[in-house]
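Student: Chains as they are written, first to last, in numbering that gives the first Met the number 0: chain A, 0 to 137; chain B, 0 to 145.
Read the hints as simulated data drawn from the structure, not as lab findings.
Predicted model, so just to flag it, every value in this text is computed and none were measured.
List time: in silico BS3-like cross-link candidates among lysine-lysine, alpha-carbon distance up to 27 Å: (1) A:K30 / A:K92; (2) B:K75 / A:K45; (3) B:K15 / A:K92; (4) A:K101 / A:K45; (5) A:K96 / B:K14; (6) A:K45 / A:K96; (7) A:K30 / B:K75; (8) A:K96 / B:K75; (9) A:K96 / B:K10; (10) A:K45 / A:K30; (11) B:K14 / A:K92; (12) B:K76 / A:K101; (13) B:K15 / A:K45.
Now the stretches of chain A that chain B is said to cover, found in silico as 3 or more residues with beta-carbon under 8 Å: (14) 9-19; (15) 31-38; (16) 98-109.
Partial list, computed: chain B residues near chain A (C-beta under 10 Å): (17) V16; (18) I19; (19) N46; (20) W63; (21) A67; (22) F71; (23) F116; (24) D138.
Built from N, CA and C at the ideal position, the CB exists for glycine as well.
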Amino acid sequence: MIDINTVEHIILALMGFLILFNFYLNFNNIKDDTINVILKNWAYNKYFFITFLWGVLGGHFFLGTETPVFGSNWWLPAVLVISIVIILLVIGKRLDKELVIKRQYQFLLLLSGLLYGHFFWSQRHIPEIDFPWDLTSI
Amino acid sequence: MKNISSLVNNKSFIKKVQYILIGLFLIIIGLDVYLSLDSQDGNTISNVIQDQTDNGLFVLTYFWGTLAANLFFTSKKPKLVSSAVGTIIVIVIALLILFFNIEPKLNLFFTNNQYDFSIYTISMVLGFIIGLLFWRQEDLKTTHND
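Just chain B, with the same shape it has in the complex (with noise of 0.2 Å):
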């Protein structure tokens, strides 16, 4: 990790960098929108994405929960690890959600013991709080910019 007294302040690169994502964005809203109305069902981003988690991206639901964490929970408190080992974290518990094969296993628990709820909303708050733990972003007020 580089010190961070020698990083810069650049405003018009971070607007570049807005940019970008604002053009993402825009053209992911217009492939869906054009997706969903031709004349191929189930084409989606959206359904794409549901198939993709249905056959074992659990790990997906995973980030989305780390993510949100991360992006919409900052604290004021010091963090327990740094942001590079909070990091690595998050991807090392992802790699191990891969590695034992959690999700067809969590699967046939709750196929074997009939409970009516999706096994993502354990994968999305297991993401919520290590992302609460290990991976959010310091408080607004000491890192601003428009």
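Excised from the complex, chain A in its bound form (with noise of 0.2 Å):
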């Protein structure tokens, strides 16, 4: 069991790991290493699922409705997401790699995640008394 303390340290960790290695990547003498300009040159090709969960994180993380789509079955956007991010992927993985991605389509990942992650996997959805699949005795 990790309680929410370390998951924090955890948290941060890792982003100041992220912040030291692109400042590193930035200064040394390889073109083109960067974090940003790896993530950038594939979500402009095959793993454009990066935009669409860009979205929808954004939209989990910091906005979210308070009425539960689904109902009590919270576990289903979080399934749900998966399974769109793993078909974004197989389509990704076809896709010539000299392609380069329409800004216009950016746009649309970017929003349609983000619309997702606040009305269908919400943080802020007022819970439901009865849970059909209890997970959390595990």
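Got two chains here, each in a separate frame; can you build the complex from them with the hints?
Tutor: Now the structure itself:
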């Protein structure tokens, strides 16, 4: 079992590592190796699910409605988002390596992800009383 | 800043960085799945980040917006400012948000006026606009690597 305090420290350590690592990558003598450039190149080609996922996480972490669209099935939106990401990944793997995805599609991906995270996978949903699938006892 | 012409292309190094990023991504997902299924409630990464924003990390939502613009919206036009100056502007605005304690003020204003939407919408949009203005990357066709 990991308590909340430890999770906070893990998140801060990961962020710190990414910032320092990116700082190093920026000032070493190799071209286009920063995390920003790598993620951008991925998002504009076969890993365009990153844009969608960024939107989903934004909506999920920071926004969120109170009405649970899926009722008490709190696990359903999470399973659904994983399925969508896998489908996008499979489509992306088939794309031509030289293809550059258009910017308006990036906007659509980001916006649809944000709306998904806001409406379907919100953390502010008012909890339902009966869980048909109670996984918390595991 | 180093002169661009002195920078070298090194695909195998970039591959290694890519593997580090994929590895980190998978570790985070594995950890979060474990946290969501273990016996303690409210300790998943999502829960912790949400609690942090509720407690005052308004800046995190701002960075979400700037990074969205930086990663996913490249620009073909000449930049307003160089990428180094852009980075500095993005960080200075984040520091200003912290220094002037914007979040509690905005929160109070929203409660007083009974506005019924999250104040984080504002900082996400603000970050996105700042990112679009000062912190975009070049179009992929000019900096392509796999």
